[in-house]
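As given, the protein sequences belong to chains Y and B, one line each in that order.
Letter 95 of the first sequence, counting from 1, is numbered 95 in our numbering, and no numbers are missing.
Letter 115 of the second sequence, counting from 1, is numbered 323 in our numbering, and no numbers are missing.
Treat the hints with care, as some may be off.
Here are the computed lysine-lysine pairs in the DSSO-like style, where the Cα-Cα straight-line distance is at most 27 angstroms [to be verified]:
hint, chain 1, residue 1, chain 2, residue 2
1, Y, K203, Y, K38
2, B, K210, Y, K56
3, Y, K114, B, K210
For the chain B half of the interface with chain Y, some residues (derived, Cβ under 10 angstroms), not all of them [as the list claims (entries may be wrong)]:
hint, residue
4, T211
5, V217
6, Q221
7, T225
8, K240
9, G244
10, G263
11, A264
12, H286
13, P288
14, Y289
15, L319
Bear in mind the hints are in silico, worked out from the structure with no lab data behind them.
Think of the CB as a built atom: it goes at the ideal place given N, C-alpha and C, for glycine as much as any other residue.
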Amino acid sequence: MQTLIGKKTGMTRVYDDDGVQVAVTVVQVGPCTVVQRKTAATDGYEAVQLGFEEQKESRVTKPQQGHFKKAGAKPQKVVREVRLEADEEAAPGDVLTAKIFEGVQYVDVLGHTKGRGFQGVIRKFKMRGGRASHGGAWTRRAGSTGSIDSANIIKNKTMPGQMGSVDITTQNLRVVKVLADENALLLEGAVAGPAGGIVLVRKAIKKA
Amino acid sequence: MKTALLEKVEQSQLKETAPEFDVGDSVRVHVKIKEGEKERVQVYAGTVIARDGGGANETFTVRRISYGEGVERVFPVHSPYVVKVDVDRRGKTRRAKLYYLRTRTSKQSRLKERV
């Protein structure tokens with residue numbers, strides 16, 4: 001399993017060995033504590049529950065306190081579940097660090113984008129809107145939403161509405177550097193969400 | 209706000225001794241140029257009209273008149289390609305960005321020397 005919970009720290013630029021600038025996102029990954037190991041026998045599927053960032057005991061509910069205590073772990077701020085293969089080993093209480101990403105070239109990052117609120121079609125879908133002069137009467141509007149023969153509007157027709165605040169997976173981000181001491185990764189390009197946002201980083205599924 | 213981690217990553221990218229110059233200075237920028245396998249250093253001389261950004265993201269803009277045409281190049285301060293920056297003359301300025309020089313020609317685009 002090469003997956004960790006992380007926190008987007010921000011973006012900057014670094015220079016590679018050739019002196020070429022690379023825009024990177026600094027993501028703090030782990031250390032993550034294994035809180036629970038789910039198995040096919042007991043839960044019907046194979047997974048681990050990972051915890052990220054310690055939390056004051058008084059801030060978690062009593063049932064949760066018991067859950068963490070059972071794993072021999074300190075209370076955690078963020079808890080996420082990650083699927084495993086049956087033969088993979090992970091015991092409750094294990095601590096995983098950025099070291100597991102050493103040698104990994106590409107990763108996927110699951111994040112939650114910044115919310116943009118209710119937006120019109122120009123901002124949301126890059127439509128052009130109508131003309132401003134010559135009596136134009138529909139500036140910033142979407143125009144036609146379908147044919148007059150059809151009583152319906154085709155599904156997924158682009159219309160105004162909530163923009164952002166959705167879960168996004170950015171695939172195949174190149175790992176520029178693994179900072180094992182800092183538990184951090186430098187990833188080429190952008191990652192969804194604000195600085196300080198919680199993300200899940202995993203070894204790329206579609207690219208080695 | 210920059211966290212300690214981001215600060216540390218940036219620190220590792222900075223030059224130990226960053227070139228010293230200010231907006232308004234006439235400078236000669238020594239730029240490393242790659243031609244196939246060969247590497248050589250070219251000098252680009254002009255006036256610094258702006259400095260932007262901070263930390264590892266800091267850049268500066270150098271304007272010169274080349275064959276009667278105004279040319280501006282933006283260099284990252286901490287890029288390994290910027291080998292050296294020599295200051296020929298220190299210019300006296302009253303603002304941080306000298307974009308007004310773009311509309312001036314020859315005599316009017318001169319800056320007083322700072323003593």
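A quick look at each hint next to the structure:
| no. | hint | verdict |
| --- | --- | --- |
| 1 | Y/K203 x Y/K38 | 21 angstroms, holds |
| 2 | B/K210 x Y/K56 | 25 angstroms, holds |
| 3 | Y/K114 x B/K210 | 19 angstroms, holds |
| 4 | T211 | 5 angstroms, holds |
| 5 | V217 | 5 angstroms, holds |
| 6 | Q221 | 5 angstroms, holds |
| 7 | T225 | 16 angstroms, violated |
| 8 | K240 | 7 angstroms, holds |
| 9 | G244 | 14 angstroms, violated |
| 10 | G263 | 7 angstroms, holds |
| 11 | A264 | 5 angstroms, holds |
| 12 | H286 | 8 angstroms, holds |
| 13 | P288 | 4 angstroms, holds |
| 14 | Y289 | 5 angstroms, holds |
| 15 | L319 | 30 angstroms, violated |
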